[in-house]
Amino acid sequence: MLDAKRRSPTVDRVHAILLMAAIPGLICLYWITYFSTDLTLPTFAIHPASLTSTNLTSIYFGFENAFPAPDAFVAITSAVAGLYLLAGDPKAALFGIYSNGGLMFLALIDMYFNILEHFYTRKSLVGGDALNIEITINIVCFFGSLWSVWRLWGHPLRKI
Amino acid sequence: MSRTCMGLSYNLLCFLVGLGLGVLTETAAWRLGLWRYESRVTPILNVVVMFGLVHGLVLAGVVGAHRHSAIGIPLLFMNGVFIGVGYEALNQFKLGAWTWGDRSLLGIRRPVDKAATVGVAWGAAPVITFLIAKALLNR
Numbered sequence: 001m002l003d004a005k006r007r008s009p010t011v012d013r014v015h016a017i018l019l020m021a022a023i024p025g026l027i028c029l030y031w032i033t034y035f036s037t038d039l040t041l042p043t044f045a046i047h048p049a050s051l052t053s054t055n056l057t058s059i060y061f062g063f064e065n066a067f068p069a070p071d072a073f074v075a076i077t078s079a080v081a082g083l084y085l086l087a088g089d090p091k092a093a094l095f096g097i098y099s100n101g102g103l104m105f106l107a108l109i110d111m112y113f114n115i116l117e118h119f120y121t122r123k124s125l126v127g128g129d130a131l132n133i134e135i136t137i138n139i140v141c142f143f144g145s146l147w148s149v150w151r152l153w154g155h156p157l158r159k160i
Numbered sequence: 001m002s003r004t005c006m007g008l009s010y011n012l013l014c015f016l017v018g019l020g021l022g023v024l025t026e027t028a029a030w031r032l033g034l035w036r037y038e039s040r041v042t043p044i045l046n047v048v049v050m051f052g053l054v055h056g057l058v059l060a061g062v063v064g065a066h067r068h069s070a071i072g073i074p075l076l077f078m079n080g081v082f083i084g085v086g087y088e089a090l091n092q093f094k095l096g097a098w099t100w101g102d103r104s105l106l107g108i109r110r111p112v113d114k115a116a117t118v119g120v121a122w123g124a125a126p127v128i129t130f131l132i133a134k135a136l137l138n139r
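So the sequence lines, in the order shown, correspond to chains A and B.
Going by the numbering used here, the letters in the first sequence line up with residues 1 to 160, in that order.
Going by the numbering used here, the letters in the second sequence line up with residues 1 to 139, in that order.
Isolated chain A (complex conformation) (with noise of 0.2 Å):
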């Protein structure tokens, strides 16, 4: 009775398309103004003024460009979580937990790497486009993981 109770089909679907359909897609449209524009780089990567700014541009490429194998990850996993959600496969809790794991690990080091590299606080980028994007995803992979996964491990499905 109660996991009858638990289970919306409404926010079920809601979640199916989250993961299936957001997740994988806010992370491809990332990659893709990544590889194709600076409006996801920060300033002294874009225009590196300084020896200490060419450093800093080396250590920040170094860092982003190891993401998209992980990130692929995460996007794949999450997008067949949303197909079983929508079909009501129990195979949903294994591939969004899977997924949403990656995605706080992802959440974890990024914002770890932001605080010892002092990019949350550098005067150079606060109220710029790309510190913006990058605290809304911080926020964004921190907090959705964390609902996500209290979702599915509370899901009927996951008890089949």
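Careful, some of the hints might be misleading.
[Said to hold, decoys possible] The calculated BS3-like cross-link candidates involving lysine-lysine, where the alpha carbons are at most 25 Å apart (straight line), are: (1) Lys91(A) x Lys159(A); (2) Lys159(A) x Lys114(B); (3) Lys94(B) x Lys91(A); (4) Lys114(B) x Lys134(B); (5) Lys114(B) x Lys91(A).
Read the hints as simulated data drawn from the structure, not as lab findings.
Assemble chain B onto chain A, guided by the hints.
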């Protein structure tokens, strides 16, 4: 990428390679009885629109045409899967334009599992198209 192969631009080459890959895939699936189409037009649309235009021209051609090809392969794969899973889900839950055959697909028998597997396999389409088109340009 401004070079050409037999007078064909990189984007057109991606479209044609995508078409070729689509014809091969659909022929193999038909011979093996992996899926059945409700209409004869659907496999043609699948080859032209999905393989040629979406995965060939747009993904391998436009998205794949940047400097960082080694880093870009996961990007092409995830884009292919994103579109592929959405396409398979659309068919599975709404369109019903094709149904799965009785034969197992890599040991998989349930329709929803086949849809998920084929959805992920779509990721290979832009990657293979990109690699073939690039190899043809470098000849």
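Holds or violated: Lys91(A) to Lys159(A), with C-alpha atoms at most 25 Å apart: Satisfied, since the Cα-Cα distance of roughly 11 Å is no more than 25 Å.
Distance restraint between Lys94(B) and Lys91(A), which requires alpha-carbon spacing of 25 Å or less: Holds: Lys94(B) and Lys91(A) sit about 21 Å apart, inside 25 Å.
Distance restraint between Lys114(B) and Lys134(B), which requires alpha-carbon spacing of 25 Å or less: Distance ~31 Å between Lys114(B) and Lys134(B) Cα, so the pair is violated.
Satisfaction of hint between Lys91(A) and Lys114(B), Cα-Cα up to 25 Å: Given pair Lys114(B), Lys91(A) holds - Cα atoms ~13 Å apart, limit 25 Å.
Holds or violated: Lys159(A) to Lys114(B), with C-alpha atoms at most 25 Å apart: With Cα atoms ~23 Å apart, Lys159(A) and Lys114(B) stay inside 25 Å; holds.
In summary, the one numbered hint that this structure violates is 4.
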